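Undergrad: Spelled out from the first residue to the last, the chains are:
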Amino acid sequence: MKSLKWKAALIVAITLACLYGVFGVPKSADELIANWKRNIRLGLDLRGGSMLLLQVQLQDAFKLEANTQIERLKEELGKQSIPYQSIDHNDPQTLAEAGDIAIQVRGIPAEKSQLFRNIVAELLPSWVLTPLSSTEYRLTLKPTEVLALKEDTVQRAITTIESRINGLGLAEAAVQRRGGAGSEAEILISLPGLDDPARVKSILQTAALLELYEVKDGPFPRQEDALAKYGGVMPLNTKLMRSAPRPGDPAGEGWYVVTRTPVITGRDLRDARPAQDEFGKWETAFVLSQEAKGRFARFTEANIGNRLAIALDNQIRSAPTIQSRIEDQGRITGAASHQEASDLALVLRAGSLPAGIVYLQEQTVGPSLGADSIRKGLIAGAVGLVFVVVFMLIYYAGAGVNAVVALILNGVILIGCLAYLEAVLTLPGIAGIILLIGMAVDSNVLIFERIREELRAGKATAAAVDTGFSKAFLTIIDTHVATVVSCAFLFMFGTPAIRGFAVTLVIGLVANVFTSVFVSRAMFQFALARQGFNPRLSIGI
Amino acid sequence: MELFKNTQIDFLGKQKIFIGISLVLLATGIASWAAKGGLRYGIDFTGGANINVRFASKPPIDRIRAAVGAKIPGEISVQEVTGENEVIIGLPLKDEKALQQERETVVATLTETFGEKTDRLDLNNANPQQLVERLREPLQRASIPMNDEQLGQLARRVFEFRNTPPRSGVLASLDQLREVEGVTPQVLDVIRQQCYLAPFTIRGAEVIGPKVGAEMRNKAVLAVLYALGGMLVYLAFRFEFIYGLAAVIAVFHDVIITLGFFSLTDKEISLNVIAALLTLVGYSMNDTIVVFDRIRETLKLSRRELTPQIVNDSINQTLSRTVLTSGLTFISALALWLFGGPVLNGFAFALVVGVIVGTYSSIFVASPILVFWHERSRKGRRAAPAAAK
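Just so you know, the protein sequences line up as chains A and B, in that order.
Each residue of the first sequence is one higher than the last, beginning at 1153 in our numbering.
Each residue of the second sequence is one higher than the last, beginning at 1340 in our numbering.
The following block holds chain A by itself, in its conformation from the complex:
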């Protein structure tokens, strides 16, 4: 009898702990519901929201890196007056080829080769120099540097994406690397509660590469006109750039000759905000950082009357004439709406992405679809549960009550564990719970049938209960472990939603061993102990 008290205390304690995990200590009905909603985390498929899986195009970052190094090398070779024919890099197209980036240097005079080697060794320590002939060289990135650049690119992409998404005010959004650090260049974004990811996608797709160039000539109506003027070869340190027509802009397409290196880049920004011009049109105003301020002031002072090209993502947005010395302000005109202007300001503040991105997967569940799933899942669960409860009570009479109590407790423990583990309840998870109803009852049926057998064989009630439980126990363990094994593989190989199913089922199975073996047995013992000598058992025979 004493051990029975301890058992009862343990069962009550576990039940209370689970209820506390779900409901806390509510002081009102509203608080109770609020706590329930906070502690039971619903997956995207139930509460609605979007999941985006994207791949960072690492090859972009590698090409950019090669470009930067080529510029540095050219500058240094110029300073040391080493002539060269050409320096350029190859063009890896896919993510897998990213690490194959190579710089080709042609036409270094043989007598300058030692000097060239020294320059490369000092300037580009992370590159390996391979001579191809007496005047030709190839530079490849060291394998450790390839890894480092990949890691760095993905990390920077994550940071940028995070700050862009946070800027939208999506509080619960999560940005994480798929498969943890050091794995593939894939980033998983979950946006709970957002049923139209179009805006997020367009915000992420913008590279937001802002550059301010000095205009040397132009605009020309067509590219050929510009080339014709210079006889097909652009002057040293200049390049041609297109200005794209914006909707509602009378200027139309045009081509400008601009300096090769920008005066100001996106990194020089301190802030960007949406603003309206004197006609009420939306634009994005930006402020330069302290460091860029002086540079820009000097530049504008020296170039009054010339034009300045403001380029976004390699397209000129506007090319105003410099009227006076400008300290630190600028603006990008031509936004179609307030939202567009503020989105651009947002991505400018967040900085540019180190490489392009491609969406591998999108899953969007509208809130109404999620609500429908919950409702239908609950109806199906309720129908199944009612049927099972009624059947058990009829078939096993008094013992059926044990089964029903065990079943309810099983549910309470499952929900409590989900709350404590901060596990996410998904649609397959609900299916798992419904399946669990069937499996939970199985344990009880196994035990009750065993007890009936022992009773039929003529054993005394107490002995029959003991034998029934101990014999069924082994079977229950075997069946449960086998299911847990299959859940383990589901967890390893499944998608997040299926993982939810596996987690729910495993927790439910463990709780089931406790309720159907321990709790149900304690209830039997209690019922028998109360009857005293030669007790009888209501188990439907």
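Hint data in this document are derived by calculation from the structure and do not stem from the laboratory.
These figures come from a predicted structure and were not determined experimentally.
Accuracy of the hints is not assured; some may be wrong.
With a straight-line Cα cutoff of 30 angstroms, these simulated DSBU-like cross-link-like pairs (lysine-lysine) come out [to be verified]:
1. K1355/B / K1718/B
2. K1611/A / K1344/B
3. K1639/B / K1623/A
4. K1294/A / K1550/B
5. K1639/B / K1611/A
6. K1215/A / K1391/A
7. K1344/B / K1623/A
8. K1550/B / K1215/A
9. K1718/B / K1353/A
10. K1558/B / K1353/A
11. K1456/B / K1302/A
12. K1344/B / K1353/A
13. K1436/B / K1302/A
14. K1433/B / K1353/A
15. K1433/B / K1215/A
16. K1353/A / K1215/A
17. K1391/A / K1445/A
18. K1550/B / K1302/A
19. K1353/A / K1410/B
20. K1302/A / K1558/B
21. K1436/B / K1353/A
22. K1433/A / K1456/B
23. K1639/B / K1433/B
24. K1344/B / K1215/A
Following the hints, complete the assembly by docking chain B onto the known chain A.
TA: For chain B alone, kept in the frame of chain A given last:
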């Protein structure tokens, strides 16, 4: 109440009939499988895009197909969700960028075809934030005092109302909003000026590129194979190797037959169905283990070799439990199938079929294999000394 009391059915004696039934089921499934050129996989595995669109009334399938088909090259599918005013527009697999673009095109085309060409906000395809921005100034002009917090709450209420059944995401008329707390006739007038209702809403979208599709296929196959392997090892460890093998063959039989039913009924194999298959693997295993456990127990008590009689008795002794559990699990699965909605339909169907086949196989497939193996090895042992003489 007792349904089975001391049954003495000779299950093994009738094994030829049941092996025949199994073979017929297997053959039918595989034949349909082969005739249809393989199973029908969902976009989880093939890649592609699915867009769920719900309409306010019966969806005009032909118009949808014509409008979307005109904008998108290649084969598109427009599938009606039975019992709902809903269609699923399916796009075939392309590379990642093209898929994303086409998904946007579908939405734009639907808006163009069924929406209005106005500046007003389409309440069926907007979000609360858009409604707040749209109403702020007009409400002020109409002298309805409301701060941002109140406005936000109003917008949330409107959308919550829109999203709860029976509306389920689509409002048929703005008049319905009268029921929403806080929508006074004056507010409704402003909403009417600023908003309209397209007859549809995008309820969900799934876009899966070729890389992810291929990855999921691999993962699903690996999951099933490893799960079977893991169980084989566990049973070999707990019983004998042949018990594990018999159980795994029985389970394999169940999976093939269930897949056959999917082929016969033209249902898609999605990731959820794979989860259901694994569940049924675990379930069928349960059933088999219960019978095997009983056989092992009887063998220990009687200290005899395995005979058909012992196997028959064990099946009979556990028959009550087998039928009850299967029946109750079947009811749970059936409830899920009937009431669980379209998303869980495939999952539940696999379970409904699987529970029946799984119960059947533990009695009529796993147990006969066990007997067959023992008979053979006994004959082998008898034959071996004879040959030595």
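Undergrad: Identify every previously stated hint that the structure contradicts and give their numbers, smallest first.
TA: Hints 9, 11, 12, 23 and 24 not satisfied by this model.
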